[in-house]
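Work out the full structure, taking the sequences as your base and the hints as a guide.
Protein sequence lines, in the order shown, are assigned to chains A and B.
Take the first sequence: its position 24, counted from the start at 1, is 53 in the numbering used here, and no numbers get skipped.
Take the second sequence: its position 50, counted from the start at 1, is 79 in the numbering used here, and no numbers get skipped.
Fair warning: there could be bad hints in the mix.
Said to hold, decoys possible - Have a look at the derived ranges for each label pair, beta carbon to beta carbon: (1) A:E98 <-> B:T130: 43 to 53 Å; (2) B:G103 <-> A:N135: 32 to 42 Å; (3) B:S49 <-> A:G111: 22 to 32 Å; (4) B:L169 <-> A:P55: 22 to 32 Å; (5) A:E98 <-> B:S161: 52 to 62 Å; (6) A:A73 <-> B:E98: 45 to 55 Å; (7) A:L88 <-> B:P55: 27 to 37 Å; (8) A:L88 <-> B:D36: 50 to 60 Å; (9) B:R38 <-> A:E153: 36 to 46 Å; (10) A:V127 <-> B:A147: 35 to 45 Å; (11) B:Q99 <-> A:A62: 37 to 47 Å; (12) B:V117 <-> A:A167: 21 to 31 Å; (13) B:A147 <-> A:G37: 48 to 58 Å; (14) B:E98 <-> A:A94: 36 to 46 Å.
Unchecked claim - Short derived list, chain A residues pointing at chain B, Cβ under 8 Å: (15) L50; (16) G95; (17) F101; (18) G111; (19) L115; (20) T131; (21) A134; (22) N135; (23) N136; (24) I143.
Note that these hints are calculated values from the structure, not bench results.
Treat the numbers as computed from the prediction; the structure is a model and nothing was measured.
From the three backbone atoms N, C-alpha and C, an ideal C-beta is built for every residue, glycine too.
2 protein chains.
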Amino acid sequence: MTALDEDGRPVGFTATSLASLAAVPPLATFNMALTSSSWPTIDATRRVAINMLGQDDYLVARIMAGPNEQRFDGDHWEAGPGGLPLIVGATAWMVGEVVATTPVANNVMIAVQIDQGALGDPDEPLLYHERSFRALGAEL
Amino acid sequence: MTALDEDGRPVGFTATSLASLAAVPPLATFNMALTSSSWPTIDATRRVAINMLGQDDYLVARIMAGPNEQRFDGDHWEAGPGGLPLIVGATAWMVGEVVATTPVANNVMIAVQIDQGALGDPDEPLLYHERSFRALGAEL
Chain A
30 MTALDEDGRP VGFTATSLAS LAAVPPLATF NMALTSSSWP TIDATRRVAI
80 NMLGQDDYLV ARIMAGPNEQ RFDGDHWEAG PGGLPLIVGA TAWMVGEVVA
130 TTPVANNVMI AVQIDQGALG DPDEPLLYHE RSFRALGAEL
Chain B
30 MTALDEDGRP VGFTATSLAS LAAVPPLATF NMALTSSSWP TIDATRRVAI
80 NMLGQDDYLV ARIMAGPNEQ RFDGDHWEAG PGGLPLIVGA TAWMVGEVVA
130 TTPVANNVMI AVQIDQGALG DPDEPLLYHE RSFRALGAEL
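Printed below as a string of structure tokens:
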């Protein structure tokens, strides 16, 4: 999840809570802490980019879950629509407007209506389970 | 996701949108359609059971995603706290109160505060990807 703050600086984090809410209109949800370094920007600008990461992107997933002042050090991102940071090599990106924010205790659930997006490099899915990154397994 | 309607009948569905919102207090979120057969009950009773399914439960996952009038035909569930339906063999169950509901278009995002739960039978994780059930793969 990435956004652009009002001073033009990129912010973002690796989200594990992304879920589909609807297909028509295209809506997605995610959760974050109100103490997250990205929340003031998302709350103020109401615009986010959702970057879908595949197995080849797992080092980027680690960087974006690391110290927040280092998450955009490197060439693993570029400016997309409206200057929103897009992760280079993501399997897909979607850009949209925050249409609902519901604070609950010290956290917030967020709904985004997607208005633009594209597929990127095909890749195998990247999973996160018990603090490690994993591949998708066999069909049952 | 299961609930008990005001006439004492079980309702529920297989959710793929379950996400953690917070650890303290324990909060989880999920999404559903306002047209879902389970929504009127969840909206009225504000109590749900979250049944975590493992690989051994994948036939139950299919049943609970099938025709809603057949989802509780069988011995794959039993009454739990407050009569809430619990799936037999689930890897864990959690029961809680719906503390926030935010409708967006024809859908709703829901936050649940967990007040009771227990671990069940250990099992491998059950994944759902591109309309099929999958195992968890290797660590990257």
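Hint check results:
no., hint, verdict
1, A:E98 <-> B:T130: 43 to 53 Å, "violated, 37 Å"
2, B:G103 <-> A:N135: 32 to 42 Å, "holds, 41 Å"
3, B:S49 <-> A:G111: 22 to 32 Å, "holds, 30 Å"
4, B:L169 <-> A:P55: 22 to 32 Å, "holds, 29 Å"
5, A:E98 <-> B:S161: 52 to 62 Å, "violated, 41 Å"
6, A:A73 <-> B:E98: 45 to 55 Å, "holds, 47 Å"
7, A:L88 <-> B:P55: 27 to 37 Å, "holds, 32 Å"
8, A:L88 <-> B:D36: 50 to 60 Å, "holds, 54 Å"
9, B:R38 <-> A:E153: 36 to 46 Å, "holds, 42 Å"
10, A:V127 <-> B:A147: 35 to 45 Å, "holds, 37 Å"
11, B:Q99 <-> A:A62: 37 to 47 Å, "holds, 40 Å"
12, B:V117 <-> A:A167: 21 to 31 Å, "holds, 25 Å"
13, B:A147 <-> A:G37: 48 to 58 Å, "holds, 50 Å"
14, B:E98 <-> A:A94: 36 to 46 Å, "holds, 44 Å"
15, L50, "holds, 5 Å"
16, G95, "violated, 16 Å"
17, F101, "violated, 23 Å"
18, G111, "violated, 22 Å"
19, L115, "violated, 22 Å"
20, T131, "holds, 4 Å"
21, A134, "holds, 6 Å"
22, N135, "holds, 7 Å"
23, N136, "holds, 5 Å"
24, I143, "violated, 12 Å"
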